[in-house]
Each structure stands twice: as structure tokens, then as C-alpha cells.
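Trainee: One-letter residues, chain by chain:
Number of protein chains: 2
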Amino acid sequence: MRQKKVKRAKADHEIGAGEIGKEPESENILAEFKTTNVLSFSAREKSIFIHGKLADQDAVVILEKTPITEDSLAELFSDSRLKLDMRNDIYSTYRLQAPPQLNEIKTTVVCPATEKHVKKYQRQETFLVEETGEDYQSITLPYIQKQSLSIQWVYNILEKKAEAERIVYEDLDPDVGFVLLPDFKWDQKQVDNLYLIAITHQRGIRSLRDLTSEHLPLLHNIFQKGKAAILQRYSLPSSKLRVYLHYQPSYYHLHVHFTKLGYEAPGCGVERAHLLADVIQNLQSDPEYYRTRTLYFPLRADDELLSKFKEAGRL
Amino acid sequence: MRQKKVKRAKADHEIGAGEIGKEPESENILAEFKTTNVLSFSAREKSIFIHGKLADQDAVVILEKTPITEDSLAELFSDSRLKLDMRNDIYSTYRLQAPPQLNEIKTTVVCPATEKHVKKYQRQETFLVEETGEDYQSITLPYIQKQSLSIQWVYNILEKKAEAERIVYEDLDPDVGFVLLPDFKWDQKQVDNLYLIAITHQRGIRSLRDLTSEHLPLLHNIFQKGKAAILQRYSLPSSKLRVYLHYQPSYYHLHVHFTKLGYEAPGCGVERAHLLADVIQNLQSDPEYYRTRTLYFPLRADDELLSKFKEAGRL
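Residue numbers (the working numbering), protein chains in the order written: chain L, 1325 to 1639; chain R, 1325 to 1639.
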């Protein structure tokens, strides 16, 4: 081991002093990497997180393809090999084999990696659950009532015991009022990824499932005043906003998400998000829509609620 | 041009008959591509959309790096060059130069490309449009009827004049039948970003707006047989699938998207996607649901339909 360390330090130095066009190669430490398992993977982002062993030590290796830059295009087009996959009318697809130096893969090695590193990068599979109105009553509601996840932090916000300085807008009405504040995921540095949450002052509305036509004044109020507050504070009109609820929500106190249209906020997919405008329309035409309808949502493999659905033979 | 076409047809044939390990190279048509401008770019997705000229014809070239697959890892680790960028404590980063055949770039060429194609790929701001049933009749429908974007390529698929070998499953019934095939966006190398499209044999159903309870047998058929075909071919159960329609769709011939749950496919956001299971439920309880309901969807700043909504004072 000690010898190896010396060798690596040398390689470091050499690279620091490397001449252009004659860049020294690092020792390919990955040649001896033994994959244990793939922790996670993104086809969209072209990345993969791998757990394995590097010289008998636990290691995590992260590979991520690099963005295609405009200044590499001319060379990429002239110096690559092209293999035809498909042709139909004016459309054709190919596989392009680029010169390696134009098409690098960003590689991050964590070694030795602790169990915490491994867990951090471990992706959980998700499953789509189909929940009928009866499933909600017999499986989900008892689970929500028993679960211990505290929403004290929500009450702290509503009572100004915490985050009071972060509030963007508030309507104090106990029935239709709400607090609007930035979501933690938003750094508030630019509106391109604007993300705010409206939390109702009314307590006891757990989720979409509890909503009936009785709640229409509350929903209208959040929709209208939330949009107006965002227009005033961030100059963003309602045509640039995606306003929606989650089902399942991550906490069971009614809240509404306001995100910028075009920003692909986590959880804005059709499998989890419900546009507030649709919710209002559906309740207008059927007061019991969300009590009776079958709802679909993803759950992670390690979610306790998923086990409940499995135990009930519903998955 | 004629000569070129003959050569390409030959290449097609050769690839169809290609032997493993001795795959024929396509003519590198991109060597003569002249970039006009970059239409859009995603650092997150490692893709770039380029407008330019190919033998004096307008063309759009789309480059997208391919996902890193688990089965390529062993070879990738052993056969790559590694260049150290940074080392700090247990963390180090490198640039990895992979063998070209392990690190291909998916390339799509549209040629000749129309102005509409160029616009389609040009990055634009989007606006959320609110379309009532009346708006559809007075604004959207006349626009669809007048627009010139050809769907000949859809008919080519249905008539087996193109992409016949890509078909994963087909139900030939003229009323409830459909063709299931991989979407262009999917390279079919791993199921993690599975993306298939079911295209109905029945013609004349433009979109969600045309659906009534009459179409329930068609929708049920696509849902059930599409899921069964995916289970059989890719071993992916329905609990791992997100099955949905787009509104507005990108072409006005009814089609259904099947994507892997957890893969954030472009267009799977709540503002554009409608779960097929929800569509079926909504039509079951109200046969005219999609004819009468106000629908919300994003439109790009340069979309002609957006101008129509503006002209009508609806935005």
C-alpha cells in the first residue's frame, strides 16, 4: 500500500507539470476496481454510481458523461465514425464513435468509502401503487394515523416559531388562509428554479384524499392569492407557474407547490403531481372525486406504506 | 443526389446483414455538415441540437451521449485511459477516455429539415395555456386542421413501409389495434430509460380532446396489451411503468407513451402528461370529460398556437 501511495503522488506531480500535447497518463487505478453492485444510475443524465473494491478497500466510483460543447463540434463531425441505425423519411439515426479525447467521462472516486457514502448514493427502486378509495380507508389512512413522523415543524411555521423571516406572503384567515414560503430546495438566487410552498392554516386536512367541494374556497384562495403574491414579489405571471399538490405528499398537512414552468422540479411528474386547477375542476363537477377515485403514485422499495400494500395483496 | 441514395440503400442492406464484429461503417455524412447555430443544449442531459447545412440542404443534427450501462463497466474500467484532475482526502476526480465503441453518441439527423423542425428544437420560453372546451373548438381545432406538419411517417409505420423491424408488438385490429415500438429517444440498450410508443391503427383521433367513452375499448386494449407486451419482451411489470398521453401532443394521431417509472422522460411532467389510467377513469364517469374540461398545457414562445391564443385574448 505504501509503495502505491508514493507512486500516486508522483503521478500527481507529473500531471501538474504536464506539457500540452504530451499529457502524462495517470496510473489506471480503475483497472483493478472490482464492482460489487450498481448503486444508482441515470439514463437521462448519463451517470452511474458504483460500489466496489479498490485494493481491498471499499470504494464508490461515479461516472458521468460530459456535456457536448459547441467548440468541439467541428472536430467531432470530421473525426468520428458514424454507423447507421435507422432511416425513415427525412429522419435517420446513427451511432457516432468520437475520438476519445473529445468524449471524456468524468470520474469521481471515493476511497476508502464508508457505509454512509454507499447509502448516500444507493438508489431505491420505485413502484407505482394503485390505490382505490377503499384501499385508502383500509390501508393508507390507518398507516398515516399510526406513523410517527412529526409535523411539529409545520406548526412552528404557522405559529411563527420558526422560519418567520422566510415568509413571502400570509393570509391569516383560519379557514382559507395560508403561509407562502420558499421551499428548502430553492436557493432563491434566480427565479428559473423558483419553488414555493403554500401551507394551509386550517389543520387536519391530510392530503388530496380529504378534499371535497367544501374546500373549494380554500383552494381558490390559495390559487389566486398565491399567484398574485408571486407576481408581486418575483414578477412571474401565472402563465409561468406550475401549481400542484403531491399525492402521496411527504407530510400529511395540506400544502400546495408553486414551481416555475420549465424547471423540472423533483416530484413534478404526472405520477405524483396533481395540478391545482384540475383538482378544483374535478371537485366542482364531483364533490367526492378524490374520496372515490383510484389514485396512482410511486413508492420507494423501502417505504413502509409499500409493505402495507403488499401485505394486503394489492401489489 | 440519386447516386447518394443508392449508396445509402446499400449501406442499409449491409447493416441489416452485418456480421458481429465486422460491422460495416456508414458513410460519414457529418464530415460535410456545416453548423449554422446551436438551437439548444442540455448540460444535464449531455445533448445538443444543431442547425446547419448538409449538401446545401437545411438539416438538424441532434447529438446525445448514451447512458453508461452496467454490462460495459468491466471493459470500460480495464480498457480506458485515466487522467487525474484533483485529489483531496478520500475524494479524487479523473477524466476517463474510453474506447470509442464503448462510448457512442446517439446521433439523429433530420434532412431536409423544415422551418418547423428548426423551431421545434430551438430552445424557447414556455407559457401555460388554459384551454376551455370552447377554446378548443374556436382556436385549437382550426389551427390543427390548417397546419401543415405531415404525419406521413406515422402512416409509413402503420403500413410497414418504414421501421417495420423495430415493431415490438402489434394488434392488427382496425378499431382497437395499435403498433408498439421504441421511441426515437430510447437507444434500447437498457430498460432503465425504456420508452415505447403505441400508435393506434384507427386514424382520425387527433388527441385527448377527441376521446369519448366510445374509445374506452381502444384505450383498455392499448393499456392491457401494451403492458403485457412490455412484460414479455423486457420483463418489466406494470408497477414499473408510467403510461400516459400528451396534451398537446407533438403530432395529431393518437398515441400513448410507455416509459419506465423513475426515468424522468422529457414531457412526463404534470403540465403535459395525462396518465392513461386517469383518462380511462374520467371517461368512465363522464363520457364527455375531455370534450368539456378546461385543459392546461405549456406552449413555447414561438408556437403558432400560442399566437392564436393571444390573438383571441386568451393569454
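Incorrect hints may have been included.
If several chains are the same, the list does not tell them apart, and a pair holds so long as it fits within one copy or across any two.
[To be verified] With a straight-line cut-off of 30 Å between C-alpha atoms, the simulated DSSO-like cross-links for lysine-lysine are: (1) LYS1440 x LYS1549; (2) LYS1632 x LYS1551; (3) LYS1440 x LYS1551; (4) LYS1407 x LYS1377; (5) LYS1470 x LYS1513; (6) LYS1484 x LYS1358; (7) LYS1444 x LYS1634; (8) LYS1634 x LYS1407; (9) LYS1440 x LYS1407; (10) LYS1444 x LYS1513; (11) LYS1470 x LYS1407.
These are calculated hints, taken from the structure and not from any lab test.
Trainee: Compare the structure with the hints numbered earlier in the document and write down the numbers of the violated ones, lowest to highest.
Mentor: When the structure is compared with the hints, numbers 1, 3, 5, 6, 8, 11 turn out to be violated.
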